[in-house]
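> Now for the letters of each chain:
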Amino acid sequence: MLRALISKDLRRVWRNPMPWLLNLALPILIVAIIGIVFGGGGGNDNSLGRIKFAVVDEDKSPLADFLRGAANQGKAGQYLEPVFLERAAAEEQLKEDKLSAVLVIPAGFASNYLGGRKVQLELVKNPAEQIHPAVLEELLEVVVSGLNAISRNFKAEFPAWREVIQGNGDYHDAARLIERTGDKLQAARQYLFPPLVGYTNSAGEAAPAAGAGSNSGASTSGTKDKAAPKFNVFAYLLPGMAGMFLLMLASQGMTDLHRELSRRTFERYHTLHERLLPFVAGKALFTAVIVSMGAAIILGGGQWLFGFRWPRPLELGLLTLAYVCFATGLMTLSVAFVSDEHRAATLNNVLSMILSMAGGCMFPTEQLPAVMREYFSRLLPTYWFATTARELLWWQAPWHIAAAKLVGLGAVLLGLAVFVFKRRFQKGAR
Amino acid sequence: MLKVSAVSKAFGTIRAVEGVSFHVSEGEIYGLIGPNGAGKTTTISMVCGLLRPDAGEIYVQGKLFSANPGEAKRLMGVTPQDLALYEELTGRENLEFWGRIAGLKAAEARARAGELLEALSLSDRAKDTVKTYSGGMKRRINLGCALLHRPRLLLLDEPTVGIDPQARARILEFISGLRASGTSILYTTHYLEEAETLCQRIGIIDYGKVLAEGTLSQLQERLGEGLVFTVEADFGGSVPAEWDGFAAHFRVLQKSDSQLVVAALGRRDPSDCLKELLELPVRLQNVSLKRPSLNDVFLQLTGRQLRE
Numbered sequence: 000m001l002r003a004l005i006s007k008d009l010r011r012v013w014r015n016p017m018p019w020l021l022n023l024a025l026p027i028l029i030v031a032i033i034g035i036v037f038g039g040g041g042g043n044d045n046s047l048g049r050i051k052f053a054v055v056d057e058d059k060s061p062l063a064d065f066l067r068g069a070a071n072q073g074k075a076g077q078y079l080e081p082v083f084l085e086r087a088a089a090e091e092q093l094k095e096d097k098l099s100a101v102l103v104i105p106a107g108f109a110s111n112y113l114g115g116r117k118v119q120l121e122l123v124k125n126p127a128e129q130i131h132p133a134v135l136e137e138l139l140e141v142v143v144s145g146l147n148a149i150s151r152n153f154k155a156e157f158p159a160w161r162e163v164i165q166g167n168g169d170y171h172d173a174a175r176l177i178e179r180t181g182d183k184l185q186a187a188r189q190y191l192f193p194p195l196v197g198y199t200n201s202a203g204e205a206a207p208a209a210g211a212g213s214n215s216g217a218s219t220s221g222t223k224d225k226a227a228p229k230f231n232v233f234a235y236l237l238p239g240m241a242g243m244f245l246l247m248l249a250s251q252g253m254t255d256l257h258r259e260l261s262r263r264t265f266e267r268y269h270t271l272h273e274r275l276l277p278f279v280a281g282k283a284l285f286t287a288v289i290v291s292m293g294a295a296i297i298l299g300g301g302q303w304l305f306g307f308r309w310p311r312p313l314e315l316g317l318l319t320l321a322y323v324c325f326a327t328g329l330m331t332l333s334v335a336f337v338s339d340e341h342r343a344a345t346l347n348n349v350l351s352m353i354l355s356m357a358g359g360c361m362f363p364t365e366q367l368p369a370v371m372r373e374y375f376s377r378l379l380p381t382y383w384f385a386t387t388a389r390e391l392l393w394w395q396a397p398w399h400i401a402a403a404k405l406v407g408l409g410a411v412l413l414g415l416a417v418f419v420f421k422r423r424f425q426k427g428a429r
Numbered sequence: 000m001l002k003v004s005a006v007s008k009a010f011g012t013i014r015a016v017e018g019v020s021f022h023v024s025e026g027e028i029y030g031l032i033g034p035n036g037a038g039k040t041t042t043i044s045m046v047c048g049l050l051r052p053d054a055g056e057i058y059v060q061g062k063l064f065s066a067n068p069g070e071a072k073r074l075m076g077v078t079p080q081d082l083a084l085y086e087e088l089t090g091r092e093n094l095e096f097w098g099r100i101a102g103l104k105a106a107e108a109r110a111r112a113g114e115l116l117e118a119l120s121l122s123d124r125a126k127d128t129v130k131t132y133s134g135g136m137k138r139r140i141n142l143g144c145a146l147l148h149r150p151r152l153l154l155l156d157e158p159t160v161g162i163d164p165q166a167r168a169r170i171l172e173f174i175s176g177l178r179a180s181g182t183s184i185l186y187t188t189h190y191l192e193e194a195e196t197l198c199q200r201i202g203i204i205d206y207g208k209v210l211a212e213g214t215l216s217q218l219q220e221r222l223g224e225g226l227v228f229t230v231e232a233d234f235g236g237s238v239p240a241e242w243d244g245f246a247a248h249f250r251v252l253q254k255s256d257s258q259l260v261v262a263a264l265g266r267r268d269p270s271d272c273l274k275e276l277l278e279l280p281v282r283l284q285n286v287s288l289k290r291p292s293l294n295d296v297f298l299q300l301t302g303r304q305l306r307e
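Chains E and R, in that order, are what the protein sequence lines are.
Position 2 (the first sequence) corresponds to 1 in numbering that gives the first Met the number 0; numbering is contiguous.
Position 241 (the second sequence) corresponds to 240 in numbering that gives the first Met the number 0; numbering is contiguous.
Since the hints were derived computationally from the structure, they do not count as laboratory data.
Where hints are given, some of them may not hold.
To be verified - For lysine-lysine, the following BS3-like pairs were computed, each having C-alpha atoms within a straight-line distance of at most 30 Å: (1) E/Lys-421 x R/Lys-62; (2) E/Lys-51 x E/Lys-117; (3) R/Lys-104 x E/Lys-421.
If you're wondering where the values come from, they're calculated on a predicted model, not measured in any experiment.
Chain E on its own, in the form it takes in the complex (with noise of 0.2 Å):
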């Protein structure tokens, strides 16, 4: 019965499929025009171009150079033009607008760090800009939780390293450091998202991760500046904006329902069964499948019309299912709640804005309020989904931590759904 209830509501799109298809216009749509505002289209790669910001080391230890380093190493250096500078001088630049950012490295930061005290690497973002200080400020997060990761899992090594970094110890305790710190990386390689030195070892895979335009994960030098990768303002935005418009396609599924009520056709189900809740779930299915399609079209169209490739197509696919799941199990938590369609569509859109706009879908979270970002769009599984998303295009993000997080919420809003519809039933159909 579920495949008849299914296949009837496709065809009932298929037949009229307009407002369907704004939902899933609307986000490519609004990514073209955001995509070209801020730099993409201009240029036969759509690029954002290389991303300008200043280090600044007040440090001075070889672990700051290090990062410093990476800054503009191997791939990094098709994204980023960093520019090292005094405090004044980058505060100065930033002001002129001739930078996105600043990275300021404080003094004392490898010892306290190797000490195993807590450090804070600082950026300072150019306010006028929107995308470049949002990438730059994603990319420090990648950096500060490969430290975090090494932190944890080498701990044990850090007073040697610190002796090392102090001059103290001899060039022979220094090599069998390294190579004994090699030694455990290597085993730990895959258990470490992201390994900060993994970032500079394995370039060639990360590189592809910027999404715009090879499909390996190594490129060759003689391809290198045509495959070359390179930042994509539109693979950025439309992970988001899908984000969005998902929840409404998925409202528009759910909402459904509500037709299937005014239309009597719920009714007529009724005259036949006694059980209500498979024609429920026949729609909450359709709402998954028709949203899952809308996913297929919105980040796989787009990256056909905007000329990119998804790094990690699998991650992302796997991840926007559990999108899907989430999207669906919330819509249909709020039909079960709102009995009217234009209420429960009001409602909806209301909620799909404010779960985008709070979780950086429309725009990057760093945009808000710091106690918004910090303490509540963290919270949110639009957040989870852009977020890892765009982690995606860099980096093997934990992408299967949000999924599950996404999947477990779908079913915790699907069940409790069941709960009030079977409430609701109980209480008679109407």
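Start from chain E and add chain R according to the hints.
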């Protein structure tokens, strides 16, 4: 086939149905007639399980509906008053879909949909979407959707409302055919002529109560020997109660400023009745004799026209 026993339903303070009882025998068309808001749809909704009665019981084929609603529903087909169709789908797709939902296999539903399209004279429009259909065609498909699984009990809630006489005649003919094939039918309408021609027994319902029940002739007998006169006159403030001997020979069914509808009491000769009416102390304009209709019965029972 169906027994409704003292069912009641209230919505808040409004008592929509109060102690309604009737039964529908095998192969019978039972008409439930009454004006809009009389409680017909609420009664049908309780019979098919859309609403739970506050009191009373419903039996389908001798079994209590509430004990196993799923089993009872399998025996029923319901045509709701409102069109319950998917307008974006074709007539055939609608039929096939409801066939699948009723539990038929895909091939079975396809074959049955073909049969029904033929029977409902819709084969030539089977591939058109329902939104392009006329009102009568939509009504026919709406009816067909209830018949895919060959129900033994058919509940028809005003199936001809809002369509032209030709389309109505087609539907009534089809329903007569269903009865001939042994289907029991509960038929609600406020078109009296439909009930008169189609139904073996009729229940008159108003304000949620069944006021009278029986065959058409049994109901007509409530008006005496079947003589109903319409008197058109200038009554000038005069009332029947003031007229000598009038109450002993006639019962007033309806009175307005210029018209009086009366039924003759007892076994009377029409010419005697006419003579008495012509001698009324009013300025007469016209007196006519007619065969009593269901509307007259309704008038007698409620004091108002069925379609008021």
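> Decide, hint by hint, whether the structure agrees.
Comparing the hints with the structure gives:
1. A hinted pair counts as satisfied when its Cα atoms are at most 30 Å apart, and E/Lys-421 with R/Lys-62 qualifies at roughly 26 Å.
2. Among the hinted pairs, E/Lys-51 with E/Lys-117 is consistent with the structure: their alpha-carbon atoms are about 28 Å apart, no more than 30 Å.
3. For a cut-off of 30 Å, the pair hint linking R/Lys-104 to E/Lys-421 stands: about 28 Å separates their Cα positions.
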